[in-house]
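Undergrad: Chain residues, written in single-letter form:
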Amino acid sequence: MRGGKNSNTVGVLQTFVFVLSSAVIAVAAKTTAPPLSPTNIFAPASTPAESIFGLSIFVLAVTAAIFVVVFTLLAYSVVKFRKRKNDDGREPPQVYGSNQVEVAWTVIPILIVVALFMATARVIADIQKASPPANAIEVVAIGHQFWWEYRYPGLHVVTANELHVPVSDPQHPTPTFIKLLSADTDHSFWVPRLAGKTDLIPNHPNHMWIDPHETGLYLGQCAQYCGTQHAKMLLRVYVQPRDEFDRWIQQQREPASTSDVVSEGQRVFQTTACINCHAVAGTVANGRFGPDLTHLMSRETIAAGAALNTPENLRLWIQKPDAIKPGSLMPAMELADHELDAVTAYLETLR
Amino acid sequence: MNATYIPMEQQPVTAQLPSRGRVGMFVLIAAESAVFTIFVVAYIFYIGKSLTGPTPQDVLAAPIFYSICLLSSSVTIHLAVKALRLGNVSTFSRWWFATIALGGIFLYGTATEWHRLIYTEGLSISTNLFGTTYYSLVGLHGSHVVVGILCLTLVLGFALTGRVKQEHAYRVDVLSLYWHFVDAVWVVVFTVVYILGR
Amino acid sequence: MSTDSITWPQTGTAAHPFVDRLHEWVTTVDHKRLGILYIIYALVFLLIAGIEAIVIRIQLIRPHNDFVSPQVFNRMFTMHGTTMIFFVVMPVLFGFANYLIPLMIGARDMAFPRLNAFSFWMTAFGGLLLYFSLVGANGLYGAGNAPDVGWFAYAPLTSPTFSVGHSTDFWTLALLVSGFGSIGTAINILATVLCMRCPGMTLAKMPLFAWLNFVMAGLVILAVSPLTAAQIMLLVDRYLGGHFFDTQAGGSAVIWMHFFWIFGHPEVYVLVLPAFAFASEIIPVFSRKPIFGYSVMVGATVAIGFISMSVWAHHMFTVGMSASANTFFVLSTMAIAVPTGIKIFNWLATMWGGKIEFKTPMLFCIAFLFQFLAAGLTGVMLSVAPFNWHLGNSYFVVAHFHYVIVGGILFSLFGAFYYWFPKMSGKMYSETLGKLHFWLFLIGFHLTFDFMHLPGLLGMPRRIYTYEPGRGWDTWNLIVTIGVFFQAAGILVFLGNLLWSYFRGKTAGSDPWDAWTLEWSTPSPPPEYNFSVIPTVKSRRPLWDLKHPADPDWKFE
Chain S
2 MRGGKNSNTV GVLQTFVFVL SSAVIAVAAK TTAPPLSPTN IFAPASTPAE SIFGLSIFVL
62 AVTAAIFVVV FTLLAYSVVK FRKRKNDDGR EPPQVYGSNQ VEVAWTVIPI LIVVALFMAT
122 ARVIADIQKA SPPANAIEVV AIGHQFWWEY RYPGLHVVTA NELHVPVSDP QHPTPTFIKL
182 LSADTDHSFW VPRLAGKTDL IPNHPNHMWI DPHETGLYLG QCAQYCGTQH AKMLLRVYVQ
242 PRDEFDRWIQ QQREPASTSD VVSEGQRVFQ TTACINCHAV AGTVANGRFG PDLTHLMSRE
302 TIAAGAALNT PENLRLWIQK PDAIKPGSLM PAMELADHEL DAVTAYLETL R
Chain P
18 MNATYIPMEQ QPVTAQLPSR GRVGMFVLIA AESAVFTIFV VAYIFYIGKS LTGPTPQDVL
78 AAPIFYSICL LSSSVTIHLA VKALRLGNVS TFSRWWFATI ALGGIFLYGT ATEWHRLIYT
138 EGLSISTNLF GTTYYSLVGL HGSHVVVGIL CLTLVLGFAL TGRVKQEHAY RVDVLSLYWH
198 FVDAVWVVVF TVVYILGR
Chain W
9 MSTDSITWPQ TGTAAHPFVD RLHEWVTTVD HKRLGILYII YALVFLLIAG IEAIVIRIQL
69 IRPHNDFVSP QVFNRMFTMH GTTMIFFVVM PVLFGFANYL IPLMIGARDM AFPRLNAFSF
129 WMTAFGGLLL YFSLVGANGL YGAGNAPDVG WFAYAPLTSP TFSVGHSTDF WTLALLVSGF
189 GSIGTAINIL ATVLCMRCPG MTLAKMPLFA WLNFVMAGLV ILAVSPLTAA QIMLLVDRYL
249 GGHFFDTQAG GSAVIWMHFF WIFGHPEVYV LVLPAFAFAS EIIPVFSRKP IFGYSVMVGA
309 TVAIGFISMS VWAHHMFTVG MSASANTFFV LSTMAIAVPT GIKIFNWLAT MWGGKIEFKT
369 PMLFCIAFLF QFLAAGLTGV MLSVAPFNWH LGNSYFVVAH FHYVIVGGIL FSLFGAFYYW
429 FPKMSGKMYS ETLGKLHFWL FLIGFHLTFD FMHLPGLLGM PRRIYTYEPG RGWDTWNLIV
489 TIGVFFQAAG ILVFLGNLLW SYFRGKTAGS DPWDAWTLEW STPSPPPEYN FSVIPTVKSR
549 RPLWDLKHPA DPDWKFE
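Protein chains in written order, with this note's numbering: chain S, 2 to 352; chain P, 18 to 215; chain W, 9 to 565.
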């Protein structure tokens, strides 16, 4: 009867799909380590991410075991207890329940829950209760629609969108502790290889920390819907050797490089609405609504990672932000072509 | 089409199931309680968190007299229902009217207090967190009093035109459950706003 | 109580004008007709929300796609989520509950037929209000703006500062209005189950369907009300200058999250308990055995109901709650997995030793079991707060909850459609088309939602209108989108089957499945009064007792 064949096919197809998926997941986890997936949660490079990784493997193992056992029982029952072609038409034995069986499959899950819970509680405490050692780098991250403001209060640096931190030697850790604030709506800081995500919520300061063990560029993006351009509020964390980091800090502290001649571009910048939103240290521009531009040229990207920092992109961004990031809060400045060229040239001097 | 149903036995009804009016009203009260709970939680959470004044200590005066009126109306409505159960429609109408009057006095008290708060003390719903939570919570309760009074007045109208009889005591009792609920909520609101919050 | 009217509509005669029939349907208070209205309403919105999903997935088929603008995309996912939850799944479940509960407990109608009608029309109006936003929400930026704040509308994105115009107001009002409808239906279900059971039917003899909907209704009362409160607060903020969620005035964005999720978590149990109800009626009949462990199933359901009120902040693990708060919610969430798992085991035990018939309803319920198992386990993964700090707000969560809602609830619901279609229409559906629907949808479901877990594990957050290449997400997104078209094909086959069978199907008779609960003792479809004589029952399976007088259930229960 058609039912019989279908049952086998149901079981087989289900098994096939699940086996395929798990194989794919396993392969994906292994082969999409950087650089193929720079945001793989199973490739941790910092202690919080590593603690989570250890816990997650334990959890995956437990849930996989439960899945295999119950799946097998379900598949078995669907195959073994199907109505056969030569069925005698009588109803099977009517079993109403069994107290022993109910107790068994209540107690065992409770024990599994206890084990999972204890493991989880330990990792929560490890990550959330860590306090900054004396040599920790302090960063304040302020979420904006749709960019990241970074301040290093102890080091007197204000920058945007590209976070630089020193690499941390596991023997002598130099972690970075980040205080998370928001200037407008909710955001979330998620760089998977460094730590789990933590939200930036106005009027609700949060804290997180990272201690990356390997230098390099780590990627992520905003992970709490914050409006139209949530998708392009990207994160770039540059983990550098200590001396490079110190040099970067030094450079960021300098006021903007000036020349004696006030350029045409600087004049355009300072007399149009640019200075309402942007700051350039050492000049009259000290707007805080948009990113600090003092060392704009030290960044590899603009518009919170949405475009590479090239003169063409910069010019396009100023002329028509919607071409790069439609819905961002940077207005199209409606500048004449020569003004546009001049401003771009000026910004190109802000190293 | 032809019925091919299977006939069932018929036996006299023996089970004592609860009455649906009562059950329905209790469930409605449960839902309303959940709504009020959220407003109370918001009120309590925001105590002391306003960034600007005025504060409860500055401007609130506990409406003792009006609260006594409202809570007494629970007594009068109970007496009204009791009278109707005994078949005494005129006594019922008098106590029922007293309930409406006491509820009306309470609303008058709320209105005068709000007038004072807004025009003398400068506290409106948009002034600060206290203003927002205060007017919302007390206003939510007040709106339930208004709805209650409308329903009670409707029934009074029926009573005065001779349409309310002894057999309606059950329905009137179900309505009185709503009124008791409104009074019970006031006990909570009064405690949270005028005692805890100051 | 019974409707006293004896003038019931004539059917099938040409002299019955369309206007009259329309009038009957619009003014009906009959639980069966209201049930069907709910179901048809839900199917219409299923198509609309499904199209929204297709738009989302086409946009995400490759990185930096420009099928739609970010503004349109953000409206799509907001409307898709809001529509599916409030105007598809809740109405269809209320529809089945309304139709079946009185029949299953031997009553002539729900406790409050007019409240029933009022509740339906409130829900219906809410849906229309939500979609009216497309034309009616004149903001500063021109005509027609659907809400784009996400289905959970976090503050302060919903404040007048960040959501200009009226799109958010349509979201708020639509949910407020339909919330009144939900609460009305819940009052009705609770009162009907408590007050209208036929003689002999104690609570312990009630079908599990009635029990599960009873607990569901209790959850609606306790959960939808906080949402109502939060909506009122949001309206106070948006229209009266209030500061409930105004962080500039010292207000808290987090408190919106608490209020929303105090609704939002029990809400998912509101959605899933009726799905359990369908499975608990269908699996026994097609296994030819009674449900295994009836009392434990009831106990587990009640436990789930209670515990579900205490887990809400597992949606907020990334918000920055204290370690103790996070730990508490981990524990309560893991705890709820225990009674849920017990249910799966009891369904398994019901099939064990039975004689399983693979008719379409049972195929869907078997798939439900496998898929709900997987969904529950990804839920356990998400309950581990540190793991949640990665997985939360990523495509892993999107995959998880679609696994529950589509793989669990929708599959079980399809089972219910096929199972009760003969009762509601009097006709048998086409088994061939039913199986075609099943296979198409199964393939599509797994292509989409199995592979959707992967981008989440590789760092892809949710609610993004596009994504960067080079993050390892591209291939998986492509596969996910392809699966959608199989699902769409399956749904079209399903709707075609319903329509074709309604007009051309074979007569079903009153009991095509040889089942055991009271609805199968009436004609198909049942007359307006349901039962000519109110039955008296002695066991949980009254029709089993009648068909097997030598070994009736009441001797062994």
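Derived by calculation from the structure, the hints in this document are not laboratory data.
Remember, predicted model here, so these are calculated numbers, not experimental data.
Ideal Cβ positions, reconstructed from N, Cα and C, are used throughout, including at glycine.
A couple of the hints might just be wrong.
[As the list claims (entries may be wrong)] Partner residues aside, some chain W positions facing chain P, computed with beta carbon under 7 Å:
| # | residue |
| --- | --- |
| 1 | Asn73 |
| 2 | Ala119 |
| 3 | Ala132 |
| 4 | Leu136 |
| 5 | Leu137 |
| 6 | Phe140 |
| 7 | Ile195 |
| 8 | Ala199 |
| 9 | Leu202 |
| 10 | Cys203 |
| 11 | Ile229 |
| 12 | Pro234 |
| 13 | His556 |
| 14 | Pro557 |
Undergrad: Next step is simple, just say for each hint if it's right about the structure.
TA: Each hint tested on the structure:
1. A least Cβ separation of about 41 Å between asparagine 73 of chain W and chain P goes past the 7 Å threshold, and the interface hint is therefore violated.
2. Hint status for alanine 119 of chain W: holds, given a least beta-carbon distance of 4 Å to chain P, under 7 Å.
3. Taking 7 Å as the C-beta contact cut-off toward chain P, the hint placing alanine 132 of chain W at the interface is violated, the least distance being around 20 Å.
4. Interface restraint check for leucine 136 of chain W: the shortest CB-CB distance to chain P comes to about 24 Å, outside 7 Å, so the restraint is violated.
5. Proximity of leucine 137 of chain W to chain P is violated relative to the hint, the smallest CB-CB distance being about 20 Å (cut-off 7 Å).
6. Because the closest C-beta pair between phenylalanine 140 of chain W and chain P is about 26 Å apart, greater than 7 Å, the hint is violated.
7. Interface hint at isoleucine 195 of chain W: satisfied, since its Cβ lies 5 Å from the closest Cβ of chain P, which is below the 7 Å cut-off.
8. Here the hint on alanine 199 of chain W is kept, as its CB sits about 5 Å from the closest CB of chain P, short of 7 Å.
9. The closest approach between the C-beta of leucine 202 of chain W and any C-beta of chain P is roughly 5 Å, which is under the 7 Å cut-off, so the hint is satisfied.
10. Using the Cβ-Cβ criterion of 7 Å, the hint placing cysteine 203 of chain W at the interface with chain P is satisfied: the shortest such distance is roughly 4 Å.
11. Contact between isoleucine 229 of chain W and chain P, as hinted, is supported at the beta carbon level, the nearest pair being about 5 Å apart and thus within 7 Å.
12. Hint status for proline 234 of chain W relative to chain P: holds, with the closest Cβ pair at about 5 Å, below 7 Å.
13. Taking 7 Å as the C-beta cut-off, the interface hint given for histidine 556 of chain W is violated, the closest approach to chain P being about 13 Å.
14. For proline 557 of chain W, the interface hint is violated, the least distance from its beta-carbon to any beta-carbon of chain P being 12 Å, above 7 Å.
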